[in-house]
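Produce the entire structure from the sequences given, and follow the hints as far as they go.
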Amino acid sequence: MEFHPEPYALVPAVLHWAKAMGSFLLIVLSIAMLTSVILHGNKGPKIVISWINSGLRDLLGISFRRVWALAQLTIREAVRRKALMVFVVFSILFMFASWFLQDSTLRPDLQLKNYVSFVFRTITFLVLPVILILACWGLPEDIRLRSLHTVVTKPVRRSEVVLGRMLGFSTVGTIILVVMGFVGYLWVVRQVPTMLQQIDEVVENVRVQSNKTIEGVELKFEGDTLPSGVEAAYSLNNISELRQQSPAAYDLYEKALDLESRRVLACRVPVYATLEYMDREGRTEDEEGKKVGGISVGYVWEHREYIEGATKARGMFTFRNVTPVDRLLLESRFEAFRTHKGRMGQSVLCQYLIVNPETGVQVELPAFEIAEFTQNVVTIDRKLSYYDQEQSKEIEVDLFDNMVFDDDKIRIDVRCLDSGQYLGMAQSDFFIRQPDNPFHISFTKAASGIWMMMVLIIIISVTGSCFVKGPVAILLTSAMVVIGQAFREFMAKLVSGEQRGGGPIESAYRLLTHMNDTSDLPKTTSVGIMKWLDELMVKDILWIVQNIVPDFSHFRMSPYVAEGFDVPWDSSLLPALIVTVAYMIPCLLIGYYSLCLRELESK
Numbered sequence: 001m002e003f004h005p006e007p008y009a010l011v012p013a014v015l016h017w018a019k020a021m022g023s024f025l026l027i028v029l030s031i032a033m034l035t036s037v038i039l040h041g042n043k044g045p046k047i048v049i050s051w052i053n054s055g056l057r058d059l060l061g062i063s064f065r066r067v068w069a070l071a072q073l074t075i076r077e078a079v080r081r082k083a084l085m086v087f088v089v090f091s092i093l094f095m096f097a098s099w100f101l102q103d104s105t106l107r108p109d110l111q112l113k114n115y116v117s118f119v120f121r122t123i124t125f126l127v128l129p130v131i132l133i134l135a136c137w138g139l140p141e142d143i144r145l146r147s148l149h150t151v152v153t154k155p156v157r158r159s160e161v162v163l164g165r166m167l168g169f170s171t172v173g174t175i176i177l178v179v180m181g182f183v184g185y186l187w188v189v190r191q192v193p194t195m196l197q198q199i200d201e202v203v204e205n206v207r208v209q210s211n212k213t214i215e216g217v218e219l220k221f222e223g224d225t226l227p228s229g230v231e232a233a234y235s236l237n238n239i240s241e242l243r244q245q246s247p248a249a250y251d252l253y254e255k256a257l258d259l260e261s262r263r264v265l266a267c268r269v270p271v272y273a274t275l276e277y278m279d280r281e282g283r284t285e286d287e288e289g290k291k292v293g294g295i296s297v298g299y300v301w302e303h304r305e306y307i308e309g310a311t312k313a314r315g316m317f318t319f320r321n322v323t324p325v326d327r328l329l330l331e332s333r334f335e336a337f338r339t340h341k342g343r344m345g346q347s348v349l350c351q352y353l354i355v356n357p358e359t360g361v362q363v364e365l366p367a368f369e370i371a372e373f374t375q376n377v378v379t380i381d382r383k384l385s386y387y388d389q390e391q392s393k394e395i396e397v398d399l400f401d402n403m404v405f406d407d408d409k410i411r412i413d414v415r416c417l418d419s420g421q422y423l424g425m426a427q428s429d430f431f432i433r434q435p436d437n438p439f440h441i442s443f444t445k446a447a448s449g450i451w452m453m454m455v456l457i458i459i460i461s462v463t464g465s466c467f468v469k470g471p472v473a474i475l476l477t478s479a480m481v482v483i484g485q486a487f488r489e490f491m492a493k494l495v496s497g498e499q500r501g502g503g504p505i506e507s508a509y510r511l512l513t514h515m516n517d518t519s520d521l522p523k524t525t526s527v528g529i530m531k532w533l534d535e536l537m538v539k540d541i542l543w544i545v546q547n548i549v550p551d552f553s554h555f556r557m558s559p560y561v562a563e564g565f566d567v568p569w570d571s572s573l574l575p576a577l578i579v580t581v582a583y584m585i586p587c588l589l590i591g592y593y594s595l596c597l598r599e600l601e602s603k
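Every letter in the sequence shown is one number past the one before it in the working numbering, and letter 138, counting from 1, is 138.
Treat the hints with caution; some may be incorrect.
What the hints assert, rightly or not - Quick list of in silico lysine-lysine cross-link-like pairs, BS3-like style, CA-CA up to 30 Å:
| no. | residue 1 | residue 2 |
| --- | --- | --- |
| 1 | Lys-445 | Lys-82 |
| 2 | Lys-523 | Lys-493 |
| 3 | Lys-19 | Lys-539 |
| 4 | Lys-113 | Lys-445 |
| 5 | Lys-341 | Lys-312 |
| 6 | Lys-539 | Lys-523 |
| 7 | Lys-383 | Lys-312 |
| 8 | Lys-493 | Lys-19 |
| 9 | Lys-493 | Lys-539 |
| 10 | Lys-409 | Lys-312 |
| 11 | Lys-409 | Lys-383 |
| 12 | Lys-409 | Lys-290 |
| 13 | Lys-531 | Lys-493 |
| 14 | Lys-290 | Lys-493 |
| 15 | Lys-409 | Lys-291 |
| 16 | Lys-312 | Lys-290 |
| 17 | Lys-291 | Lys-493 |
| 18 | Lys-312 | Lys-291 |
| 19 | Lys-393 | Lys-312 |
| 20 | Lys-393 | Lys-409 |
| 21 | Lys-469 | Lys-82 |
| 22 | Lys-19 | Lys-531 |
FYI, nobody ran anything at the bench for these hints, they're computed from the structure.
Next up, the structure:
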């Protein structure tokens, strides 16, 4: 998994939202005051204040019984519009999915990744467009048919109409999502045993071999003694014969598949570290006092940095707040870069060293060959030993009593032992594995990310439908979803100045003059004006757009489950929840006042 989830900064986010919300209300109030003075003269401010007072009374006097009644009407309307027909498409996709996704040449974790990704993509692409169209067309269609006028003439507040619409569409989407998620979970779990029957696996003393189908399975027992209840080894044509001739052997076979299924479906809970480097001379800082980095081997993607083998170069991973346990499980996904062929049939040698910089104690762990593009799992006992050359004897140390420094830090160094080879690493490539979480919990967390994204889309869609017609509301909501999910990073680079080539005017100028994005522009007055306009558009206007459009990347949690990781609360679930709640408050205000100012009897 090529990412390192950072904990969400909750307090700065809340303060930023408060400033943005305050600025938004101040701007709207100023525009309303100015417009009212122009239209009504001295009575204008009183009219604005009366609108504010009525809005506060409506919002504070919301009746949840009336909101739920309106939500029920919305649910019935969605059912009449054949929203549940999406289940037909969903069923067809899952009926034939295994035909195209099953591949016995892939490792179990890679097959599981395909299955999980397919399930969440299917749910996302079927649920979100349907709910978006329903939410955008609901209110405009009621206004066109004049059915909303019969509602607002009853003792129902306009704020309750907006909330009822949001709640109703959210309920419909939740029902669809729960059914699809449950079916998708069962489908993934049922695919795993079939997948494992086609792959060679060794579990305990049972070896299951296969020729890509269940036919021709051969069960072998290793060692001098056979398992209890098994009188002889069998070589049978299929599992049915095995079940008939040796129930004990068949039970072991079932146990092997069950244990392997649990291993494949487990979701790892990682503890990440901070990464620093030591160069080939053993230095951590250069002549200017800056921290040294790894070596670039020329790859365009600079996610990983490399250390040179058979030198003093190291990658230093520092973990904090590690819970004391009897055994520490380390997992890595390093990448090798070879300058020569090396040893045939062997991979690059890697070694871990546990270092206490305060006492100078350094414990070397046994070297191992890295398995690229898969998991390298190493278990460390709490009691360790190292050879002290000064005392000429083995000394035993405790991992948490003797190797922890600064009260809560453990440092583990990584080095490459092969000369002429390089070992690539990133911050997310090495972590401590805590006890795994069950698959159904992580699957539910990822599904909740889709649910919160659906709720946010409903909020934006209903708000847009309060002041524009259905097609325009669809275009507005779709644009916000596409920009917030696909172009969020690009906008951030433009605003921060990291994007090369400048803003839109400078980019057009470079295209017309055939200049690349690294060439310096001529220092002329026209170029200065162009840069000023670009800065105005990027730094000011685009900054406003960046803060208006929600960041939908927080809701994308399926890669965690697909890669076999648990969905973290502090870097995924919490920001998704905060974003959803943060947009609900201003959208409710906009929707309420838009309905108050909109003529509900006109077509």
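Hints versus structure:
1. Between Lys-445 and Lys-82 the CA atoms are separated by roughly 29 Å; this keeps the pair inside 30 Å, and the hint holds.
2. For the proposed pair Lys-523 and Lys-493, the alpha carbon gap of about 24 Å is at most 30 Å, so the pair holds.
3. Taking the CA atoms of Lys-19 and Lys-539, the gap is near 18 Å; set against the 30 Å cutoff, the hint holds.
4. Note on Lys-113 and Lys-445: the hinted pairing holds, with a Cα-Cα distance of about 16 Å set against a maximum of 30 Å.
5. For the suggested pair Lys-341 and Lys-312, the alpha carbons sit about 22 Å apart, so the restraint of at most 30 Å is met.
6. With a CA separation close to 21 Å, the supplied pair Lys-539 and Lys-523 stays within the 30 Å bound.
7. Of the supplied pair hints, the one linking Lys-383 and Lys-312 holds, its CA atoms being roughly 26 Å apart against a limit of 30 Å.
8. For the suggested pair Lys-493 and Lys-19, the alpha carbons sit about 22 Å apart, so the restraint of at most 30 Å is met.
9. A hinted pair counts as satisfied when its Cα atoms are at most 30 Å apart, and Lys-493 with Lys-539 qualifies at roughly 11 Å.
10. In summary, the hint linking Lys-409 to Lys-312 is supported, as the alpha carbons are separated by about 22 Å, within the 30 Å threshold.
11. Simply put, Lys-409 and Lys-383 have alpha-carbon atoms about 17 Å apart, close enough for the 30 Å limit, and the pair holds.
12. Between Lys-409 and Lys-290 the alpha-carbon distance is near 22 Å, which keeps this suggested pair within the 30 Å criterion.
13. Restraint check: the Cα-Cα separation between Lys-531 and Lys-493 comes to about 17 Å, which is no more than 30 Å; the hinted pair holds.
14. A threshold of 30 Å between alpha carbons decides the hint, and for Lys-290 with Lys-493 the separation of about 25 Å falls inside it, so the pair holds.
15. Taken as a hint, the Lys-409 and Lys-291 pair is honoured in the structure, with Cα atoms around 20 Å apart against an allowance of 30 Å.
16. A distance of roughly 18 Å separates the Cα atoms of Lys-312 and Lys-290; the hinted pair therefore holds under the 30 Å criterion.
17. A C-alpha spacing of about 25 Å is found between Lys-291 and Lys-493, which places the hinted pair at or below 30 Å, so the restraint holds.
18. Among the hinted pairs, Lys-312 with Lys-291 is consistent with the structure: their alpha-carbon atoms are about 16 Å apart, no more than 30 Å.
19. A hinted pair counts as satisfied when its Cα atoms are at most 30 Å apart, and Lys-393 with Lys-312 qualifies at roughly 25 Å.
20. Under the criterion of a C-alpha separation no larger than 30 Å, the hint pairing Lys-393 with Lys-409 is consistent with the structure, at around 27 Å.
21. Taken as a hint, the Lys-469 and Lys-82 pair is honoured in the structure, with Cα atoms around 21 Å apart against an allowance of 30 Å.
22. Between Lys-19 and Lys-531 the CA atoms are separated by roughly 29 Å; this keeps the pair inside 30 Å, and the hint holds.
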